[in-house]
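Sequence order for the protein chains is A and B. With the numbering used here, the residue at position 15 of the first sequence is 15, and numbering never jumps. With the numbering used here, the residue at position 36 of the second sequence is 152, and numbering never jumps.
Derived from the structure by calculation, the hints contain no laboratory data. Values in this document were obtained by computation on a predicted structure and should not be read as measured data. Honestly, I wouldn't trust all of these hints.
What the hints assert, rightly or not - Calculated cross-link-like contacts (lysine-lysine; reagent style BS3-like; alpha-carbon spacing at most 30 angstroms):
no. : chain 1 : residue 1 : chain 2 : residue 2
1   : B       : Lys194    : B       : Lys171
2   : B       : Lys221    : A       : Lys57
3   : A       : Lys11     : B       : Lys224
Stated by the list, open to error - If you want the ones that stay clear, here's a sample from chain A, every Cβ over 12 angstroms from chain B, calculated:
no. : residue
4   : Lys14
5   : Arg22
6   : Gln41
7   : Glu68
8   : Ser73
9   : Phe74
10  : Glu78
11  : Gln84
12  : Gly85
All residues carry an ideal CB built from backbone N, CA and C; glycine is no exception.
So the chains spell out like this:
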Amino acid sequence: DTGVSQNPRHKITKRGQNVTFRCDPISEHNRLYWYRQTLGQGPEFLTYFQNEAQLEKSRLLSDRFSAERPKGSFSTLEIQRTEQGDSAMYLCASSSPDGSGSYEQYFGPGTRLTVT
Amino acid sequence: AQTVTQSQPEMSVQEAETVTLSCTYDTSESDYYLFWYKQPPSRQMILVIRQEAYKQQNATENRFSVNFQKAAKSFSLKISDSQLGDAAMYFCALQGGSEKLVFGKGTKLTVNP
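Using the sequences and the hints given, assemble the complete structure.
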C-alpha cells in the first residue's frame, strides 16, 4: 500500500497562469477529497468524489477551480487564472466506508502552490 | 454551520509528561464523528484518534486518549508520556451530516527534552 500520492509537491507560478494538480488515492478507496490549507490555518474542504461523481462542492470553490475524477481513480484539480490568494497547500485525501458509518480519511503530502 | 474551535494556538510539554489539548465544536447533527489529526513539520497529516458521538466511552489509542463531553460539546486530547516525536500541529476535526471534515485552526505542540 503506497498511500495517497500528490504531484507535483511544489508549484510556483505567475499570477494569471493555469495550474493542475494530481492526486492518486489509495487503490481500494472510492472516496476522494480535496482540501486547501493556508498558513496557520486548518484545512478547509473544497470538494469530494464518490467514484467519478462529484458529490459536494464548497462555496470556496470558485468558478476558476475545477476538479475531475474521470475514471474513479486519480483526480485532478485545476486552477485557472491564478491569483496570489490561491497560494496555499492543496491536500488530497481518500477513504472507504469502514462499516461504522465513518469515512476515515487518509491524507497525501500535499501540493504547495506559490503564486507570484 | 458546523464549527470547531481550538483555543490554544501553542502548547509545550516536557518529555515524559502529560499534556491536554482542548477542542470545542458545534453541530446540529445527532450523528457525528470527532477526530484528532497530527501534522508533523513538512509531513503529511495522520489520524491520531477518533470518537463516535454515539459512544459514551472515551476512545484510547496507546498513549493518546480523549475526554469527550457531549453535552458540553468538548473533545480534548490527552497525550501521556510525551515523546519528542509527538511534536507537531494537532488538529481537531468534526464529520457530521456530510463526509467532509471541518477542522479547527490547530495547536502547535512543542516537546522539550
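Now the hints, each set against the structure:
1. For a cut-off of 30 angstroms, the pair hint linking B:Lys194 to B:Lys171 stands: about 18 angstroms separates their Cα positions.
2. Our distance criterion of 30 angstroms between C-alpha atoms is met by B:Lys221 and A:Lys57, whose separation comes to about 21 angstroms.
3. For the proposed pair A:Lys11 and B:Lys224, the alpha carbon gap of about 26 angstroms is at most 30 angstroms, so the pair holds.
4. At roughly 25 angstroms, the least C-beta separation between A:Lys14 and chain B is larger than 12 angstroms, which holds for a residue marked as non-interface.
5. For A:Arg22, the requirement that its beta carbon stay farther than 12 angstroms from each beta carbon of chain B is met, with the minimum near 16 angstroms.
6. Under the 12 angstroms C-beta cut-off, the non-interface status given to A:Gln41 relative to chain B is violated; the minimum distance is some 6 angstroms.
7. For A:Glu68, the non-interface assignment is confirmed: its Cβ lies about 18 angstroms from the closest Cβ of chain B, beyond the 12 angstroms cut-off.
8. In this structure A:Ser73 is separated from chain B by more than 12 angstroms, as the shortest Cβ-Cβ distance comes to about 18 angstroms.
9. Even its closest Cβ contact with chain B, about 17 angstroms, leaves A:Phe74 beyond 12 angstroms, as expected for a residue assigned away from the interface.
10. Once the 12 angstroms rule is applied to beta carbons, A:Glu78 is consistent with being away from chain B; the minimum gap is 20 angstroms.
11. At roughly 22 angstroms from the closest C-beta of chain B, the C-beta of A:Gln84 stays outside 12 angstroms, upholding its exclusion from the interface.
12. Under the 12 angstroms C-beta cut-off, the non-interface status given to A:Gly85 relative to chain B holds; the minimum distance is some 18 angstroms.
Of the numbered hints stated above, the single one contradicted by the structure is hint 6.
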